Amino acid sequence: MTRSVKALTIQNYLDQNLAKHINDALEQPLHMGVPRIEAHKFISFYEHDDSKNDTLLKYAKLDFNRMKGVARAYFVEAQWFREDYVPPFDERMSNAIVTGTCFLDPAAAYIGLGDIAGIDAYE
Numbered sequence: 001m002t003r004s005v006k007a008l009t010i011q012n013y014l015d016q017n018l019a020k021h022i023n024d025a026l027e028q029p030l031h032m033g034v035p036r037i038e039a040h041k042f043i044s045f046y047e048h049d050d051s052k053n054d055t056l057l058k059y060a061k062l063d064f065n066r067m068k069g070v071a072r073a074y075f076v077e078a079q080w081f082r083e084d085y086v087p088p089f090d091e092r093m094s095n096a097i098v099t100g101t102c103f104l105d106p107a108a109a110y111i112g113l114g115d116i117a118g119i120d121a122y123e
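Residue numbers for the sequence shown follow the working numbering, beginning at 1 and rising by one.
There may be inaccurate statements among the hints.
Unchecked claim - Below, a list of computed lysine to any residue pairs in the SDA-like style, where the Cα atoms sit at most 25 Å apart:
no., residue 1, residue 2
1, K61, A39
2, K68, H48
3, K41, L26
4, K20, K41
5, K68, A25
6, K20, Y59
7, K61, G33
8, K20, F45
9, K52, L62
10, K58, Q79
11, K61, V34
12, K41, Y74
13, K61, D50
14, K52, R66
15, K52, Q16
16, K41, Q28
17, K52, N65
18, K52, G33
19, K68, I37
20, K20, R82
21, K20, E47
22, K52, P35
23, K58, E77
24, K52, M67
25, K61, P87
26, K68, P35
27, K68, T55
28, K20, N53
29, K41, S51
Source of the hints: derived by calculation from the structure; they are not laboratory data.
Keep in mind it's a predicted model, so treat the numbers as computed, not measured.
Make the full structure from the sequences, and use the hints.
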């Protein structure tokens, strides 16, 4: 049975949301995908489930949005690195709050930069 025949059979017997979820799994199995992207797909599917746990759904969305913010902050740091830009401490701190694990890490990140970041850049 080909995938298109399976897809037609699935769509005839199941509700549209579940059929889409199964078709997505046939296209790309869960274990072959990027976990965060697969989680986002599952959130979209789970929103339409009648037996959903609203608290779990809320926290899953918060976690996904938090990770999107971290990814954006990493891209900002990558852009700084690519452009050989050393941000002022305030600018670095606003980004480091997102990417760092504690407030001391951003200050420690300037250690070892040598000629790139001197006292002027730190202040």
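Hints, one by one, checked against the model:
| no. | hint | result |
| --- | --- | --- |
| 1 | K61 x A39 | holds (9 Å) |
| 2 | K68 x H48 | holds (23 Å) |
| 3 | K41 x L26 | holds (14 Å) |
| 4 | K20 x K41 | holds (10 Å) |
| 5 | K68 x A25 | holds (23 Å) |
| 6 | K20 x Y59 | holds (24 Å) |
| 7 | K61 x G33 | holds (19 Å) |
| 8 | K20 x F45 | holds (9 Å) |
| 9 | K52 x L62 | holds (16 Å) |
| 10 | K58 x Q79 | violated (32 Å) |
| 11 | K61 x V34 | holds (17 Å) |
| 12 | K41 x Y74 | holds (23 Å) |
| 13 | K61 x D50 | holds (18 Å) |
| 14 | K52 x R66 | holds (22 Å) |
| 15 | K52 x Q16 | holds (17 Å) |
| 16 | K41 x Q28 | holds (12 Å) |
| 17 | K52 x N65 | holds (19 Å) |
| 18 | K52 x G33 | holds (23 Å) |
| 19 | K68 x I37 | holds (11 Å) |
| 20 | K20 x R82 | violated (41 Å) |
| 21 | K20 x E47 | holds (13 Å) |
| 22 | K52 x P35 | holds (20 Å) |
| 23 | K58 x E77 | violated (29 Å) |
| 24 | K52 x M67 | holds (22 Å) |
| 25 | K61 x P87 | violated (31 Å) |
| 26 | K68 x P35 | holds (13 Å) |
| 27 | K68 x T55 | holds (20 Å) |
| 28 | K20 x N53 | holds (21 Å) |
| 29 | K41 x S51 | holds (17 Å) |
Hints 10, 20, 23, 25 from the list above are not met by this structure, while the remaining hints are.
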